[in-house]
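We have chain G already, so just place chains X and C on it with the hints.
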Amino acid sequence: MKDRVLILDKEAISRALMRLAHEVLEKNKGTQDLCLVGIRNRGASLAQRLNKCIEKIEARSVPVGILDITLYRDDLTLISAKPVVHKTEIDFDINDKIVVLVDDVLYTGRTIRAALDALIDLGRPRVIQLAVLIDRGHRELPIRPDFVGKNIPTAKDERVDVHLEEVDGVDEVLIVGKT
Amino acid sequence: MKILIKGGLVIDPANNLNEIMDIFIEGGRICRVAKNINHQADEVINAAGKMVIPGIIDMHVHLREPGREDKETVASGTKAGLKGGVTSILAMPNTQPVMDKPASIKLLKEIIQKTSQSHVFICGAITRERMGKELTKISTLKKLGVVAISDDGASVDAARLMLAALKEAKRNKMVVISHCEDKSLSGNGVMNLGAISTRLGLRGISRESEYKRVGRDIALAKKANASIHIAHVSCQESVELIAEAKKRKVKVTAETCPHYFTFTEEALLDYNTNFKINPPLRGKEDLEAIKNALKDGTLDVIASDHAPHTESEKDVEFEKAEFGTIGLETLFAASATALVHSGLMDWPDLIKKFTLNPARILGLDKGTLSVGSDADIAIIEPCKEWVLKKEDIISRSKNCAFVGTKFKGWVEYTICAGNIAYYAK
Amino acid sequence: MHWTKKDLLGLEYLSKEEIELILETAASFKEVSRRSIKKVPALRGQTVVNLFYEPSTRTRVSFEVAAKRLSADVINISAQESSVRKGETLIDTGRNIQALKADIIVIRHSASGAANILARNVEISVINAGDGWHEHPTQALLDIFTLKEKFGHIQGLKVSIVGDIAHSRVARSNIWGLNKLGASVTVCAPKMLIPPGIEEMAVKVTYDIEEALKDADAVNVLRMQFERDEQKAFPSQIDYFKHFGITQERLEKAKKDIIVMHPGPINRGVEISSEVADSLNSVILEQVTNGIAVRMAVLYLVSQTKERKDEDTD
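Chains as they are written, first to last, in my numbering: chain G, 1 to 179; chain X, 1 to 425; chain C, 1 to 314.
Any given hint could turn out to be false.
To be verified - Below, a sample of chain C positions facing chain G; criterion: calculated Cβ distance under 7 Å:
#1 Thr25
#2 Ser28
#3 Glu31
#4 Ile37
#5 Val40
#6 Pro41
#7 Gly45
To be verified - Distance condition first, Cα-Cα at most 30 Å in a straight line; then the derived DSSO-like pairs of lysine-lysine:
#8 X:Lys173 / X:Lys251
#9 G:Lys87 / C:Lys148
#10 C:Lys5 / X:Lys320
Unchecked claim - Derived DEER-like restraints, expressed as beta-carbon distance ranges:
#11 X:Asp296 / C:Ser56: 52 to 58 Å
#12 G:Arg4 / C:Glu199: 57 to 63 Å
#13 G:Lys178 / C:Glu88: 53 to 59 Å
#14 C:Glu31 / G:Glu55: 23 to 29 Å
Derived by calculation from the structure, the hints in this document are not laboratory data.
A quick note: this is a predicted structure, and the numbers were derived from the prediction, not measured.
Backbone N, C-alpha and C fix where the C-beta goes; we use that ideal spot for every residue, glycine too.
This is chain G alone, in the form it adopts within the complex (with noise of 0.2 Å):
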């Protein structure tokens, strides 16, 4: 049995994208011009939450896109699982638009490079903007986040395991340990 320690339970998750979400309105000042693409899956979730979180504040919504970026992903042949490519769901105009790409991990950075080019290839942003709910180091690329739900130092061969109730049931964020 590996050792799982719980980081965030469902209020604090609930918190910490609440705060999230003054951030990014504080920094961009209101929602003119803004829109929040989640990269699949989690991501896609956590920045419909982050939508409501919007709404509660400031009164109204922004919209909302779901960006997939197998195709885009440079790291696909070292993934045993072969993924299944889904679509992507950006139904509004990103060109001028200040666009915050929304995602559950940050670790690597690899996937932020990937959906950096998804996006590209969509329209040219103004601005793009990167909010996500866990940054646990130990980056390959010279990516940072703007918004950051929390950070928790890892190990390698840690791993973190986001759970969101719209995916897996449940909301939690645990550490999963060696064995």
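Same frame as chain G, but now just chains X and C:
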């Protein structure tokens, strides 16, 4: 050389023999067949637990020499035969040059004399160049030692010509071997016509193209009162026509090949060109009909229709590939597996199909273990199981439908003209 | 469900789940073709060779567009100009392409089974773009994809295929695919063009076009290739159109929203009237668009089956 074979189950259908006996061979002939022989011999073979049978006669072999020595030669083909217990081969005439004139026959006889590892008999052509236009000089061919005539690979389309051939063959006391195929019906087909050819999108060869010609040739043989032998029977309707003709006392005999009672057209489902054979592998009901016809005697002979082709002729698109499979090395094992070990026939019944029966049809003084006859013998391990691997094939060509097939029945020794010509170890 | 097959040789060889995976993947790729930048880097650095032994502009171009939208490099080899004319065998040609370190061969050949034979003899992926009368899997997949877009499902649909069934790889692939997904298939043609034993592929056979259209949800109209008629088996073009042509008059007796498909190129006034080809029932041009998405999906899926290292990433 004196050879003593001790304690084997001697099966010789010509003499109704099926018991444990010893055989003594001297000077290339069988000298004694009896229990407990104790002569001095140069070689004593312990055959306890094994079968001792007359050397197999394969009456349908394409040795390809002269002309296509890249596929097979008299030397390589006879050697492959010995591995399969085959001591006598009837060489089909579709060589280059065709066996249709004295010069060609003499050329082949010379090659046989110099290089053959076993007995090779020559089948002459019915028509010049096997073109179906003009009869060969059948009496001249006979004088040169030809034992049968056939245009194998092609059928004589003109009925009048076939009738004339039958009459002429009868006058010369020879059998006509008929490759039954109406080309106007089989056309450019490459496999059996039916649901599988439809599924694979391949042009079909109808059963009619075979059995209509079988019917015609039986009628012509009856009219000429001549002997006809139907080569490589593949379908049920042909079997029925032959059975019915035999009842009417037409002088018809017939052969089939192991692939027709081992495989069906389903073997073609992944476009393996080793199963591209003419006539084609047919359906399940045909396979059953062939087996039953072997059991009830409608089919007299099992021959290999050994048809060697180079890799470059087989490793191509299915429709471009040559027809045929090799079969000398597997003739006995495939037959034993499908017909005896399946419980359909007993050993003497089977052994007759490639010893006594072909010898009678061709008028050869072969195929028995009678005292005084040529010492052509195969010693068989009847229950040994083995799988044919491509790398174990010794024929010059490797196009064998049986690669990967599991067999029961194994040739251990082949004695040809009194010498141990093959020993498996 | 993950894709594990090196090759795509025919729908006969695929499971229901594998066909569905291709259709789902194609739906994602269709979105890419709607973008202003219609290109993703999924096959960057990979080489796709279109090896065409039969002239075919439409299928070749569709594969070429699909491969390019995946960022692959595309090389077109046509038998007319290649070493094939100098006597090189199919297998040797395949091995030479492999030696060039290409990743995928897309093959079109007039001989049934050519793709099967090639695939057994090379290690790289082989996609069948039509072999003789045998299979044309990507055409059937795009037909089925189009049907699924229109109806939302394939299960229970009644699809009629009309035309030269005997010589049609499109018909065979459609029969395999539609049956596996639970549609029921009827084939309709003059008697000479219905191959023997076709019923064993689980289809209904009719020689009456009105019966074929009567309850059909969709009709797939095959191109009549009078120029290839070896045995003079076909009636004249005019007779064919009279007895089997898809006309507005005939469609009026069919279901109102019957879908009319055609693998193209169409012969107006031979197997289909101009009016029908251009009508609202016709999805012929949508098929062409969907062909790109389906071929992108197939190229992508087979490209994912190459040996890969097992490493953990985020």
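(Q) Going through the numbered hints above, which ones does this structure break? Give me the numbers in ascending order. (A) 7
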